[in-house]
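Chains A and B, in that order, are what the protein sequence lines are. Numbering of the first sequence is given in full-length UniProt numbering, commencing with residue 1 and proceeding in unit increments. Numbering of the second sequence is given in full-length UniProt numbering, commencing with residue 1 and proceeding in unit increments.
Each hint should be verified, as a subset may be incorrect.
[As the list claims (entries may be wrong)] So the derived label-pair ranges between C-beta atoms look like this:
| # | chain 1 | residue 1 | chain 2 | residue 2 | range |
| --- | --- | --- | --- | --- | --- |
| 1 | B | Ala30 | A | Ser132 | 53 to 63 Å |
| 2 | A | Ala154 | B | Glu194 | 30 to 40 Å |
| 3 | A | Ile94 | B | Lys6 | 34 to 44 Å |
| 4 | B | Leu13 | A | Ser289 | 16 to 26 Å |
| 5 | A | Pro335 | B | Ser68 | 49 to 59 Å |
| 6 | B | Phe373 | A | Ile58 | 39 to 49 Å |
| 7 | A | Gly357 | B | Pro79 | 45 to 55 Å |
| 8 | A | Val79 | B | Asp69 | 40 to 50 Å |
| 9 | A | Ile58 | B | Thr374 | 34 to 44 Å |
| 10 | B | Ser68 | A | Ser132 | 34 to 44 Å |
Treat the hints as calculated values from the structure; they're not laboratory data. All residues carry an ideal CB built from backbone N, CA and C; glycine is no exception.
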Amino acid sequence: MSDFDGLIGQTPSAPTPTAQASSAQPPASTPPAGIRRIRMPQRLRNLEFWLLLMACLINAASIVLVQLGALGRVDTQLVLLGAGLSVLVFGLHIAMRFVARDADPFLLPIATVLNGLGIAMIYRIDIADGDSGWQSAAVRQIVWSAIAIICAIATILLIRNHRVLFRYTYVAGFVAIILLMLPLVPGLGQNRGGARVWIGIGDIATFQPGEIAKIALAVFFAGYLVRNRDSLSMVGKQFLGMRFPRARDLGPLLIVWALSMSVIVFQRDLGTALLYFGLFLVMLYVATSRLSWVVLGLSLFLAGALIASQTLDYVNNRFQNWLDPLSDARYNADPGGSYQLVQGLFGLANGGLIGTGWGQGSPELTPVPQSDYIIASLGEELGLAGLFAILALYVLLVARGFRIGFAGQDDFGKLLGVGLAFVIALQVFIVVGGVTRVIPLTGLTTPFLAAGGSSLVANWIIIALLLRLSDTVRNHPRLVIDG
Amino acid sequence: MNRELKRVSIFSLLMFVALFVSTTVIQYFAADDLAADPRNARTLYASFSVERGPILVDGTPVAFSQPSDDDYKFLRVYPNGPLYAGITGYIPVNGEATGLESSLNEYLSGQDSSQFFDKINRLISGQDPMGASVDIAIDPVAQQAAWDALGDYQGAVVVTEPATGRILAMVTKPTFDPNSMVVHDGAAVEATYEGLLADPSEPLINRATGGDMNPPGSVFKLVVTAAALESGRYTPESTFPNPGTLTLPGTDSVVINSGGGTCGSGGATVTLADALRFSCNIPFAELGMELGDDAIREQAEKFGFNHAFEIPTMTEESVYPRGLDEPQTALSAFGQYTVRATPLQMAVVSATIANGGIVMNPNLVDQITAPDFTPLQEFEGSEFGRAISEDTAKTMTEMMVNGVETGAATNARIDGVSVAGKTGTAENGEDDPYTLWFTGFAPADNPQYAITVLVEDGGGLGQEGYGNLIAAPIAKQVLEAVLNK
Numbered sequence: 001m002s003d004f005d006g007l008i009g010q011t012p013s014a015p016t017p018t019a020q021a022s023s024a025q026p027p028a029s030t031p032p033a034g035i036r037r038i039r040m041p042q043r044l045r046n047l048e049f050w051l052l053l054m055a056c057l058i059n060a061a062s063i064v065l066v067q068l069g070a071l072g073r074v075d076t077q078l079v080l081l082g083a084g085l086s087v088l089v090f091g092l093h094i095a096m097r098f099v100a101r102d103a104d105p106f107l108l109p110i111a112t113v114l115n116g117l118g119i120a121m122i123y124r125i126d127i128a129d130g131d132s133g134w135q136s137a138a139v140r141q142i143v144w145s146a147i148a149i150i151c152a153i154a155t156i157l158l159i160r161n162h163r164v165l166f167r168y169t170y171v172a173g174f175v176a177i178i179l180l181m182l183p184l185v186p187g188l189g190q191n192r193g194g195a196r197v198w199i200g201i202g203d204i205a206t207f208q209p210g211e212i213a214k215i216a217l218a219v220f221f222a223g224y225l226v227r228n229r230d231s232l233s234m235v236g237k238q239f240l241g242m243r244f245p246r247a248r249d250l251g252p253l254l255i256v257w258a259l260s261m262s263v264i265v266f267q268r269d270l271g272t273a274l275l276y277f278g279l280f281l282v283m284l285y286v287a288t289s290r291l292s293w294v295v296l297g298l299s300l301f302l303a304g305a306l307i308a309s310q311t312l313d314y315v316n317n318r319f320q321n322w323l324d325p326l327s328d329a330r331y332n333a334d335p336g337g338s339y340q341l342v343q344g345l346f347g348l349a350n351g352g353l354i355g356t357g358w359g360q361g362s363p364e365l366t367p368v369p370q371s372d373y374i375i376a377s378l379g380e381e382l383g384l385a386g387l388f389a390i391l392a393l394y395v396l397l398v399a400r401g402f403r404i405g406f407a408g409q410d411d412f413g414k415l416l417g418v419g420l421a422f423v424i425a426l427q428v429f430i431v432v433g434g435v436t437r438v439i440p441l442t443g444l445t446t447p448f449l450a451a452g453g454s455s456l457v458a459n460w461i462i463i464a465l466l467l468r469l470s471d472t473v474r475n476h477p478r479l480v481i482d483g
Numbered sequence: 001m002n003r004e005l006k007r008v009s010i011f012s013l014l015m016f017v018a019l020f021v022s023t024t025v026i027q028y029f030a031a032d033d034l035a036a037d038p039r040n041a042r043t044l045y046a047s048f049s050v051e052r053g054p055i056l057v058d059g060t061p062v063a064f065s066q067p068s069d070d071d072y073k074f075l076r077v078y079p080n081g082p083l084y085a086g087i088t089g090y091i092p093v094n095g096e097a098t099g100l101e102s103s104l105n106e107y108l109s110g111q112d113s114s115q116f117f118d119k120i121n122r123l124i125s126g127q128d129p130m131g132a133s134v135d136i137a138i139d140p141v142a143q144q145a146a147w148d149a150l151g152d153y154q155g156a157v158v159v160t161e162p163a164t165g166r167i168l169a170m171v172t173k174p175t176f177d178p179n180s181m182v183v184h185d186g187a188a189v190e191a192t193y194e195g196l197l198a199d200p201s202e203p204l205i206n207r208a209t210g211g212d213m214n215p216p217g218s219v220f221k222l223v224v225t226a227a228a229l230e231s232g233r234y235t236p237e238s239t240f241p242n243p244g245t246l247t248l249p250g251t252d253s254v255v256i257n258s259g260g261g262t263c264g265s266g267g268a269t270v271t272l273a274d275a276l277r278f279s280c281n282i283p284f285a286e287l288g289m290e291l292g293d294d295a296i297r298e299q300a301e302k303f304g305f306n307h308a309f310e311i312p313t314m315t316e317e318s319v320y321p322r323g324l325d326e327p328q329t330a331l332s333a334f335g336q337y338t339v340r341a342t343p344l345q346m347a348v349v350s351a352t353i354a355n356g357g358i359v360m361n362p363n364l365v366d367q368i369t370a371p372d373f374t375p376l377q378e379f380e381g382s383e384f385g386r387a388i389s390e391d392t393a394k395t396m397t398e399m400m401v402n403g404v405e406t407g408a409a410t411n412a413r414i415d416g417v418s419v420a421g422k423t424g425t426a427e428n429g430e431d432d433p434y435t436l437w438f439t440g441f442a443p444a445d446n447p448q449y450a451i452t453v454l455v456e457d458g459g460g461l462g463q464e465g466y467g468n469l470i471a472a473p474i475a476k477q478v479l480e481a482v483l484n485k
C-alpha cells in the first residue's frame, strides 16, 4: 500500500533528486536516461481494475438480492441495464489508462458502488410502488448514471490539465450565478416540495441547476481566492483576542452571504444555501489561514438563519420539527409537520443493527424514500451496519480528495481539490444529519445514492475533476511547498 | 496551507462522527421506543408479513390467511364473516385491529415470546415464519342456532358452559362482514369503516359485550334475590306488602307492577318466590330499600358487575352505580335507574346459579397451538370467585324453574326438559322502546347451557313487546337446538 501512498509529495515517478530536476522540463512521459520508469501507474490502474470489478459485483448482487427479496424471482432485464453501466465505468477506467494513468485508484470504485447501491434501493422502491418501464425511477436513474459517467469521461478527456480552469475563474462565477437564477425564470422554473430549485419543460427533462452550480462555484472560489488571498489575508483590528479582516475586504463574504440568504428566501432551499456558504467559508479559511473569517461568516449565517426561522414559515417549521418531531402537534401539522421525519426514524428503527435485508423492509412508507430519504431507506434494509459501511465509503472518498489538497503542487489545484471533497462531505452531513436529527432537515440529495439526474451528473464530474487533480499530483513532482 | 487543511480534515471527520453517533442512537438505543410508537405502521405491517395463524371452530377455520400477490403477502379471509364478526374482529391494513385478531395478535402473528424458539427453528430450517393457531370454544351448532333464532332483531345472544365459563355462542346483530375490512386497499377500508360508523343501526358495536349498554330490568331481580337470600334474613317464603302502586319516599315517582294491579293472586302480602316468579316490581322495590344499595352492589360485584372480563378480548364492565339514595335504590332493585348490563354479564349470573354459586371467568379460547403443534396455552376454566352459597344457588334454581313453568317466562318451556329462566322488560325513557331480556339455563337439574338473550328496540314493537313474548322464544329455540344435537 505504501507504494502509492505518497502523501508528502514523494511521487512514485520521482524517487530521486535527478527526477526532481527533470520535472522542470515538460512532464515525465520521457523518463531521464538511466532510470527506467517504474511501472507504478499500471499498478495503480490494475488495483483500480480489481476494486472496480468488486464494486460492480456488489452492485449486481444488490440488484439480484432486491429482486429475490421483493419480487421472489430474478428479472434479467434490469441486471442487463446495470451491466451496461458497468461497461461505462470500465470505459472510464480504460480512458484513464491513457490520459490519467496516475490518478487515485479508489475514487472510481467508491463512486461506482455508491451509485449502484442507490440504483438498487431506488429499484426496490419502484417494485413496492409497482412502477416499471419508463415510469420506473430506477430505469431513469440508470440512464442518468450513464449520462453522468459519459460526462465524467468527457471531462477527463477534455480537461488534460486542471490549470485550464484557472483561466475561466470569472466565467465559472458567472455560470454559477446564471445556473442559480434559472429556476426563478418564469415558465422554466418549477416548484417541488416547496423548493424552487428545478427547471424543466413540463414533466420531462427536469434538472436542478444548483447541483452543477456547486462545481462552478468551487472553481470560481478557488480561482478568486488564489488571486486575492493576499489582500484577504490582511488583518485589521484585534477583537476578542482574534485579528479580524479589514472592513474593506468584507465585500466577497457579504456577497456570498447575500447570495445564500436569497437562496433561502427566493428558492426556499435551506440546504443548498448552507452548502454554498459552508463551501465558501472553508475555501476562504484554507486560502487565507484566518479563522476570523470563519467566525465572522458563521455569525452572519446563524444570524440570517435565526431571522429566517422567525419570519419564514417553512424555516420555522423545520426548526420545530427538529426540536420535537415526536409530539402529536408537530406530527399532525399539515403542511410542514414532522410526519416525514418521523416516518424516516421509524424506518431506521425498523432496520436496527443488521437491517431487514433487501426488499424485506417497508421504506416505501416514508415520503420520497428514493431521493431525500434514501439514507433512511438504506438504513432500514441494510441496518446500522450497512449505514456505517456507506458512511465509511464517503469518509474514504472525502479523505482521498483532501489528500490531493495535501499533496498538490499549485494553490489553485489544492484549493479546488479541498473544495470539491469538502462539498461532498458537507452535503452528506447536511442530508444525513437532517434525516437523523443532528441538524434541522433540509432538502438535499445524498451524493451518488439519491434519485436525481442533476445530482449524479454533478457528482460524477466532481469525481472526474478529482481524478484529474490526483493524476497531476502524482505525475508532476512538487514545485511549490506551501506552509 | 496544510495546517488549515488538517483542521478542515478534522472538522470533516467530526461531521462524520456526528453521523455515526446519530445513526447509532436511532437504530440501536432508540429503536425499541420507536417501534413501540402507536403511529408506527411498520410494526403493524410486520404482523402481515408472516402467515397469520387461523382461528378455528371445531377444527374449521373462521379466520385464516391465504397467500396474495401483493406487498402484504397474505390476505385474511373470514369464511363465515358476519356470523363470527363479533368474535374474530378483523385486522385492517390501516387502523386498529379488533376482537380476537387484536387481543391474540401476538400469538396469531407469531411474535409472542413463547414462540421465540419456534421462530429461530423455522429460520434455521428455511421455513417461512408462521403464527400460532387458536381453537375457540364456540360450538358451531349453538352459534348458528343463536344467529337463526335472533333473526332480524337488533340484539345479542350469549351461550356459555356453566361449569367452565367457555363461551359456546356469541352473536350480535346487526353486524358486518369483516372481509370488507381486510381488503388490501387502505382507502376502501377507510370508506367501508366510515360507512359502518355512520350506519344508525351501529353494526360495529358488539352488543354481547358492550356498546350502548342497556338497563337489565327484571333480569337484575336475580341479583337482588341472591343478595336477599345470602343475607340470611330472607327465604323464598318471606313476605312483602302487596299494594297496587308504590310512591317512592320523598318523591312523586310511582312504581307499578308490569300490567298494573297487585302481584300474583292479589293478597295483602306476596312471597319473594312469587314476586320473582311473576316478576313484580313493587315487592322488589320494597326489598331493595330494605337491603340498601351497598348490599346489592356487593352482591352484584361478586357476580362480576363493575369489572371488565377479558375473554381474552376486553369487554365493557356492567355497572351497578355508587351512592344511591333510597328511591334510586328502589328503582335499581328491578334493574332500572342507571344499572346497566351486558348480555355476557347476565349470562355469567345465570351460569353462576347453574354452577352452584361459583363464578367462572367467561372465555372464548380453548387452546393456542404453535405451527409445530406444540400447545402454547390451554384454557381449562378459571374461577372469578364464589358469588352465592350452594344452597342459595339451589333455591334460586327452583325459583327460576317455577318462573318458566308457571310464571312470567313460560315461552321458554321445552317439553321433557326443565328450564330455569327469568325474563326482563326494561324501560329506557318515557316513550322509548323497551329492552327485552331472557336469561336462564337448561337442563335445570344438570345444567349444560346458560343462555342470555337481549333484544333492543322493543323487538320492533315499541312499548308493546315484552321479554316473554320475544326474548324467551329465542332462548327456547337455541336451547332446543343444542339439547337435541
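Hint check results:
Restraint check, Ala30 (chain B) to Ser132 (chain A): a C-beta distance of roughly 36 Å breaks the suggested window 53 to 63 Å. A beta carbon spacing of about 58 Å between Ala154 (chain A) and Glu194 (chain B) contradicts the range 30 to 40 Å that was offered as a hint. A hinted range of 34 to 44 Å for the beta carbons of Ile94 (chain A) and Lys6 (chain B) is consistent with their spacing of about 36 Å. Remark: the range hint 16 to 26 Å for Leu13 (chain B) to Ser289 (chain A) is upheld by a beta-carbon distance near 20 Å.
For Pro335 (chain A) and Ser68 (chain B), the Cβ-Cβ distance of about 34 Å falls outside the hinted range of 49 to 59 Å, so the restraint is violated. Judged by the Cβ atoms, the range 39 to 49 Å given for Phe373 (chain B) and Ile58 (chain A) holds: they are separated by roughly 43 Å. Between Gly357 (chain A) and Pro79 (chain B) the CB atoms are about 34 Å apart, so this pair departs from the stated range of 45 to 55 Å. Distance hint for Val79 (chain A) and Asp69 (chain B): a CB-CB separation of about 22 Å, inconsistent with the stated range 40 to 50 Å.
In this structure the supplied range 34 to 44 Å holds for Ile58 (chain A) paired with Thr374 (chain B), their Cβ-Cβ distance being about 42 Å. The hinted window of 34 to 44 Å between Ser68 (chain B) and Ser132 (chain A) is violated, with their beta carbons roughly 19 Å apart.
Of the numbered hints stated above, those contradicted by the structure are hints 1, 2, 5, 7, 8, 10, listed in ascending order.
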